[in-house]
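Q: In case you want the letters, here they are:
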Amino acid sequence: MRTFPIGGIHPHDNKEWSKDKAIEIMELPDEVKIPMIQHIGAPSTPVVKRGDKVLTGQVIGQSTGFVSANIHSPISGTVTNIDMFPNGQGQRRMMVVIKREGDEWLETIDRTPDHKRECTLEPKEIIAKIKDAGIVGLGGAQFPTHFKLTIPEGQRAEVVVINGVECEPYLTSDYRTMLERAEMVLTGTEIVMRAVGVERAVIGVENNKPDAIKHLREVIARDGYRGIEIMPLKMRYPQGGEKQLIAAVTGRQVPPPPALPISVGAVVCNVSTCVAIYEAVQKNKPLIERVVTVTGKHLNSTHNYLARFGTPASRFFELAGVPEGDVKLLNGGPMMGRSVVDLTAPLIKGCSGLTVISGEEAARGKESACIKCGKCVSVCPMGLEPYLLSKLAKMQKWDMAEEHNTVDCIECGCCSYTCPSYLPLLDYIRIGKQTVSTIVRARAAANNKK
Amino acid sequence: MNPLVLTVLTLSLLGALLAVILYFVAQKFKVEEDPRIDEVEKMLPGANCGGCGFAGCRAMSEALVKNDDIDSLYCPVAGADVMKSIAGYLGKSAAEKAPMVATMLCGGTCQKRPKVNHYDGALSCAVVNTFYVGETGCAFGCIGYGDCVQACKFGAMTLNAETGLVEIDPDKCTACGACVKTCPKGLIELRKKWPKNRAIYVACRSKYRGSVVMKACKAGCIGCGKCAKACPFEAITIDNYLAYIDPNKCKLCRKCVNECPTGAINIKNMERLPKEPAAPKAEAPAAVKSETAK
Amino acid sequence: MATRLFAAPSPHIHGGEKTRRIMFDVILALIPALAVSTYVMGWRVLLVTGVAVAGCVLFEYLFGLMLGRRTTIGDLSAIVTGMLLAFNLPVGIPWWIVLIGAVVAIGVGKMTFGGLGCNPFNPALTGRIFLLIAYPVQMTNWTTNVPDAISGSTLLAVVKGKTYDAAGNIVLGKMNLEGIDFMDMFGGYMNGSMGEIASLALILGGLYLLWRKVISWHIPVAVLGTMAVFALCVALTIGGGALCYELPLFHILAGGALLGAIFMATDYSTSPMTHKGMLIYGVGIGLLTMIIRLWGAYPEGMSFAIFIMNAATPLINKYFRPKRFGVKK
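Chains as they are written, first to last, in my numbering: chain A, 1 to 450; chain Z, 1 to 294; chain H, 1 to 329.
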């Protein structure tokens, strides 16, 4: 069975906590806050003003560049405020506040439950529809999808790789999507293949999800999806990392930054993104909701919700019943999720799960000295030396950090996970990566000027 | 005996021979350098802090000797007097610069700015800044893990465990600017240094509106503008709900201090004006002026 | 209970591996060898080991106090150092020499460089080499050892002794393995340091460490493999092929080869980080050991070989970096 070539760890996935919970439709929130930036790139500009009536699916934020994405109202109602509000990390961002009045949808959106398979649109039309629908990578990176599907001049896509790996422990939203919305995933995949002009797509699924593998294969055989292959992959974190997944599926390694996956002929999409693409292209439905896993060891109940964006984080935690005592709330899974400190923060496009880490696990272990065991080096999936990069960043030796390829880091956290001395390796490497990237960009800009 | 003598002889000969070789090599590869560079380097403090913008004192001395115009070169550690004597030695004119001192512009102590979450990552302000606003509700305030304390080469900075804030000893501070570069929140400013370490400044950098500031911190500037109205020298500007006292316009008259409803304007090494302004009001600026004139 | 909301950068879970647990595993892995030695050599083995361990822990505590650092005896690494030091000493050694060894191992070998993880040389080896040079008589006095084994000196010394001809020149061709019982060597009935004799027990310990993923196979296999291949080459060329089965096995079982390859060379802070580096390092140790054993003045070269390769570790780390993802060779 295939997997990626170097490094990696095998954390307990604990997916059994929520994997058997069918997708529930979350109650509609009475008020939503919609951030004007939920993607990588330029923030969108609000195109509504206070007092405006909006319908579900109506554009409220216009994208402001090619690397940017439209933002739509997830509910119908009245715009009550446009101001800076805190996101999950307490950072204030421009948000549009909408008070709900019923649930009235835009008329152009096809809300019938039938599955619509045929797509005769030209690639350009498909990409335009995806751009209008404001679709971004729903795996967590939030990279605008229309940008990803636009193949640069002189390059050619050879294979579409669909990410059904969900290597992040605890989370099950992609798993439930593959089980319950397999037709949408597969039709979405066909649309992506059409958009980038390739005949072959591979859906990579880790072998800890045999049900999903079986179900997808059955649907492919039943409905005659051509050119789509389900590839079981050996369970290993971070297989869902874009570069790792491409290496696992195709055996080709994407060169170091700034090279993109297209340089090895691959276009990667998440399964949830495929569903969004299907809905946007076939049903005219913009991206206004997603499947979110709410999970944790000591929760009263775990869920997989289909929830509208803008629903406050606090509502999910209320429904799940967060235990008392020490807790850590995460937007995402336990390996790459971001700590949430402000519960008024809304659900955003890139949030595939809300994880609660409670009790003794909430706090980190006590640090001790580095014993040079080399475990971080052996688990790094990018072939870096985390112990060294961490030290260099701490000492602010940016030139040496650059020499040791700190910008290659994908922030998967394998190094910190495995360190027997509980050193916060990634905490410092991240600073090094950010600083070195800034230096490199400034240098490139200066060179361009000349 | 014989081997002993032989050994001594051989080694002495070898030594002499190598010395001669070394001498000639040194002559051949001698680098012609302006002897004044050494002299200037001796006059500089030798802290190699980089406050001047050069890699170290040696590089600074080279620049001082080689550049015709040394107006832009200034060693904040040595101060104006030393720069003047260096300029005198080189026969150039030195830039006039008032002495400066680093000032930390946050007054949100643990009591006034309560913690709302418990940070559990690497103990570094820069790490905190990579992913969230910090342990308090304020996105602009001092994080309190002391990156600047680590950066200070002169031991001028300390972390006060009780207030959770960084404190700067103005007598030890050389205004090299290392802390200014380090602080991820940009809270440290180099301000004009008054005699007796007197100072008045707004200890807040929050650009959010008053209601937001009040929720997070009781000592923050809410941008009410009362201080700006009280200032007779137009030294105070309000921008983004934040008052700023221009250190070059401020005359330490202290009128603004009592106006501030949240106590965000800090006053150091001076008495506050009495609540009912009286006679000393007129004296204070004059007294300060006469001191700076010296 | 008050609710505390934690915040930290990712990752938020940990694999659970701990320094202390790793050290505990090493101690566990050393116990079979200790037991066999005690059985073969008597109770004094436990006494010497106890003195060495107590000395190392005590000195780590004292040096830590002296340097004003938080004490690190809780990570159990001093116990490992003490046990390994004892394993490198003959059983008849006076107790005060053991203590001197502990001072050198912990004080010079470890704490002066900044404690665990910062030492460039294996601390136990530093202690042993110091003692070997400072107290050569006591350190090579094997007389109180195994009653049944060839008395007086280790097998390596015995074999090496017969490789000199009358004029004092080294004659490898005469290497004589007569009268050597490999089963005895395997089980521990031979002369030597306390820890190095019990070959089977050491291999068992090594397998345990491999299973626990405390060590990887690279260093032990590289060291022992190099030694075996080298011995085979010697047997085929100089020995005329007569000893081609016995000589490699003899060199692996004799002296400190197993102890060194499994427990001493794999010390984390003094061995390379990458697998490729580990192989180079292991091959270096194997070669140097064989060169010292066959042509050097000392009958055993393991400790010197490891020591020399420890010094080369930073260099190996610099030139044998892990393979960067996405870059073709």
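Treat the hints with care, as some may be off.
To be verified - Now the in silico label distances, taken between C-beta atoms and shown as ranges:
1) H:Thr71 x A:Asp83: 40 to 46 Å
2) A:Ala446 x Z:Ser72: 19 to 25 Å
3) Z:Asn197 x A:Ile439: 33 to 39 Å
4) H:Thr3 x A:Lys366: 18 to 24 Å
5) A:Lys366 x H:Val137: 55 to 61 Å
6) H:Trp217 x A:Lys366: 41 to 47 Å
7) Z:Asp239 x A:Val47: 45 to 51 Å
8) Z:Lys97 x A:Ala446: 54 to 60 Å
9) A:Ile439 x H:Val229: 58 to 64 Å
10) A:Arg156 x H:Trp217: 54 to 60 Å
If you are wondering where the hints come from, they were derived from the structure by calculation, not from laboratory data.
Think of the CB as a built atom: it goes at the ideal place given N, C-alpha and C, for glycine as much as any other residue.
Q: Please go over all the hints and tell whether each is borne out by the structure.
A: For each hint, the structure was consulted:
no. : hint                            : result
1   : H:Thr71 x A:Asp83: 40 to 46 Å   : 54 Å, violated
2   : A:Ala446 x Z:Ser72: 19 to 25 Å  : 21 Å, holds
3   : Z:Asn197 x A:Ile439: 33 to 39 Å : 37 Å, holds
4   : H:Thr3 x A:Lys366: 18 to 24 Å   : 22 Å, holds
5   : A:Lys366 x H:Val137: 55 to 61 Å : 46 Å, violated
6   : H:Trp217 x A:Lys366: 41 to 47 Å : 31 Å, violated
7   : Z:Asp239 x A:Val47: 45 to 51 Å  : 28 Å, violated
8   : Z:Lys97 x A:Ala446: 54 to 60 Å  : 29 Å, violated
9   : A:Ile439 x H:Val229: 58 to 64 Å : 48 Å, violated
10  : A:Arg156 x H:Trp217: 54 to 60 Å : 43 Å, violated
When each numbered hint is compared with the structure, violations occur for hints 1, 5, 6, 7, 8, 9, 10.
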